[in-house]
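Undergrad: Below, each chain spelled out in residue letters.
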Amino acid sequence: MTGMRHHRLLISGLGLLVALLFAVSLLIGYAPLDFGAALSDLLAGRESLPALVLAELRLPRAVLGAAVGFSLGVTGAALQGLMRNPIADPGIVGVSGAAALGAVVAFYFGFSATFALALPLGGLIGAGVATVFLLMVARSGADTATLILAGVAINALAGALTALALNLAPSPYAALEVVFWLMGSLADRSLVHVALALPFMVLGWGLVLASARAMDALTLGEDAAQSLGFSMQRVRLLVVGGTAAAVGASVAVAGAIGFVGLVVPHLVRPLVGHRPGRLLLASGLAGAALTLGADIAVRLIPTRPELKLGVVTAIIGAPFFLAMLRRLKVEGP
Amino acid sequence: MMRAVLLLLALLAAAPAAAGEAKPARIVSLNLCADELVLRLADPGRVASVTYLARDPRGSTVADLAAQVPVNRGLAEEVVPLAPDLVIAGAFTTRATTAMLRRLGFEVMELGVPTSLEEAYAQIRQVAARLGEAERGEAMVARIKAAMAALPPAPADHPTAVVLRPNGFTAGRGSVPDSVLARVGLDNLAARLSTDRMGQLALEEIVIAKPDLLVVNSAPDAPPSLADELLHHPALAPFAKAARTVPLPIRLWACAGPGLAEAARRLAAARERIAPGAPSPLVGAPAGLLQ
Amino acid sequence: MIVAASGVEVRRGGARVVRDLSLDVRGGELLGLIGPNGAGKTSLLRALCGLDPLAAGHIAFDGRTPAEIGRAAFGRTLAYLPQNGRIHWPMTVADVVALGRLPHGAAVLDDAARRAMAAADVTPLAHRTTGTLSGGERARVLLARALAVEAPVLLADEPVAALDPYHALQVMELLRATARAGAAVVAVLHDLTLAARFCDRLALMDRGALAALGTPVEVLAPAPVAAAYRVAVESGTRDGVPFVIPWSRLDRTDRTEQSP
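Residue numbers (my numbering), protein chains in the order written: chain A, 1 to 333; chain B, 1001 to 1291; chain C, 2001 to 2260.
These are calculated hints, taken from the structure and not from any lab test. We put the beta carbon where it would ideally sit given N, CA and C, even for glycine. Check each hint, because a few of them may be wrong.
With a straight-line cut-off of 16 angstroms between C-alpha atoms, the simulated EDC-like cross-links for lysine to aspartate or glutamate are [stated by the list, open to error]:
1) K1145/B <-> E1118/B
2) K1210/B <-> E222/A
3) K1145/B <-> D1043/B
4) K1023/B <-> D1157/B
5) K1210/B <-> E47/A
6) K1145/B <-> E1119/B
7) K1241/B <-> E1262/B
8) K1241/B <-> D34/A
9) K1210/B <-> D1228/B
Computed far set for chain A versus chain B, every beta-carbon distance over 10 angstroms [what the hints assert, rightly or not]:
10) S12
11) G15
12) L52
13) L57
14) F109
15) S171
16) L191
17) R234
18) L237
19) G241
20) I315
21) P319
22) L322
23) A323
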């Protein structure tokens, strides 16, 4: 069940699923596209209309779907491992909301216009501040109530300040765009967004995945983990830094997409024998698959303008969350 | 206490309202389109207040005129002390304010959103008549019509165009821009793609529809917003590179007024630029593949 | 292996919870750390583990401080079994025990982990998930996890606190066997009879200081026990092995009496 071979098989399977959904995401769109012609034109470097649609519209959407999903899945698993609580999700504990605030300030007040990296950095700073605050509140093994209350507080404050910032922003459209930041969307993102966000996300994944062995040790609590030779400062730094970079950059280009980091680790955990170290990569891949799938769904659901991505993930995630809370209340965290 | 104040205000307000159809002397506008008509048709001394939007040259064609007039943000509290004898509001905006002002006894004129050039002309005449400036209204309509008539004749092959507004909104069937496009001999693709007059289009639909002209309603120095960012998406770059993009400030054709003539003139000039059969901005895309 | 603590002082929130404590533990010996609640037993153990900083004094393992040994190597030098250890995810018993192999590389079920499982008698539980275990089973699984490190030093904080007599005897035998196999073992104990019966030496702590150190017969004499615990004991020997039964409370009017 928890053997290495079983795990390799799981990772390959999830990888294949992500690749498949990535391909479907490229194929699905609002207008019929000759995919073969688009691909051959693109590979031959010909500037054709199908190649343009494929490279500039569908590719960034699919890449961001996979990358944002991976970020949310892997950081959800890492926060849960660090706090040893299965409800620690970047959305629920307020990290995504704070990242949105940082990105909104960077974007609407023109910082990102003069310095493009200000956008992901704004998200990173927001997410970093929230994560550090959370760890201060939940010093050693947070109980569920503390985590949720901290999340409520951070989300309320970040949401209010985001609305305030959008109201103060010079653009007349800004105030109407709060829903993008609160619910998230991948519609009409471009390769520019990919180039801005992906390096930060990859850095974040690297940091978080480097904590895998320590995550396993933390199953026994912080004291036992330290006695096994792991530095808690280093683990916290890896997870906080990785979460800030990956979630901050994700939210900066796609808004706050909720519940992926909650649902995915929960679904994947039994498949990795509940080992928090192995959970990281598997959750990342499953998060990518879920987000790609949800983004395909919003394009297939015939509502115009299309549903925000966070609406779909919330419809899936919120009942999950409630069911988990119910169970945690019965069993204790 | 509150009720007493309201009653007092109502009594104060009742006097001017009772004056009926006299030429209004203290006009308040709560809508940008009304601002433009009021400022152009009435003498400045008669305008008590217009919206703050009228002073922003990015969105308003009357920013210079508005500079001499007090501005409001569409709140009843701002309007009542001015004791206006005519309030002009939009039919779809500041609904609560409109209702409150009516309850207090003010005369409120509501402007609908015209759906064609003819309706725009009618709206100009309607507002002018209520302001007691029918002749000025008639003159404004005549000037717009004359400018339209002076445009070069539309070609037979009807090049296609799509209007792209912030947020991916377009001007679909049954809108003034649609009517202006038709007047200058452009085939509005959005009328086919989108069902209503404020439809949203995915960028992908616009690119694949391959319009001959992309009319971009944006201000070059607009403050950052997601809505505006869309207009600079790299997927639209080939259109700009091939000079198929016409930047057209939205203020020119958002409201009934002389801006419509200017919009038509710029669009006709852009249409003239693209000779019939000019190469598409994108090579190697046989039209057959796209349908 | 010789673990040498000398002049150790630990402060918590300004209070000195361990005071000027010197103590040597040698490989092959099981040292019982006893004393009333709040005497500083757990604080001393945490200091030995490097979990809490020393306010004064130093601790050496074969002459080297933990800093000199280095964090990763220290993880292989010392195994720590915390009090009331929790297992936060419902992993299988085999996976939990394998965590003890982390200092040596990956958490895999190698021979050392299997030996530890067999020693703690949890091999039959290997595929059970930890959520389904009884308290005693869980305590033995956690002990197996600590044994799997195969470290020359084992520090166990109240390893028999939740166990019934059968399993308590089993764990004490295991700790003694681990010591006999060469490790230096320190166990915090509240059961004086078990301490007397299994430990080679006892260290009695009282209010942060070392009150007595020696063989069970020396340390569990009526005087030091009465001073530290404020109880009178009934004691004797059977086959040369001492046993101690706390019999009655002394100083009954003392207001600072602590709940068990």
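Undergrad: Look at each hint and say if it fits the structure.
TA: Each hint tested on the structure:
no. : hint                : in the structure
1   : K1145/B <-> E1118/B : holds, 10 angstroms
2   : K1210/B <-> E222/A  : violated, 60 angstroms
3   : K1145/B <-> D1043/B : violated, 23 angstroms
4   : K1023/B <-> D1157/B : violated, 49 angstroms
5   : K1210/B <-> E47/A   : holds, 14 angstroms
6   : K1145/B <-> E1119/B : holds, 13 angstroms
7   : K1241/B <-> E1262/B : violated, 24 angstroms
8   : K1241/B <-> D34/A   : violated, 24 angstroms
9   : K1210/B <-> D1228/B : violated, 21 angstroms
10  : S12                 : holds, 32 angstroms
11  : G15                 : holds, 28 angstroms
12  : L52                 : violated, 6 angstroms
13  : L57                 : violated, 5 angstroms
14  : F109                : violated, 8 angstroms
15  : S171                : violated, 4 angstroms
16  : L191                : violated, 6 angstroms
17  : R234                : holds, 38 angstroms
18  : L237                : holds, 33 angstroms
19  : G241                : holds, 28 angstroms
20  : I315                : holds, 22 angstroms
21  : P319                : holds, 30 angstroms
22  : L322                : holds, 31 angstroms
23  : A323                : holds, 34 angstroms
When held up to the earlier numbered hints, the structure conflicts with 2, 3, 4, 7, 8, 9, 12, 13, 14, 15, 16 and fits the remainder.
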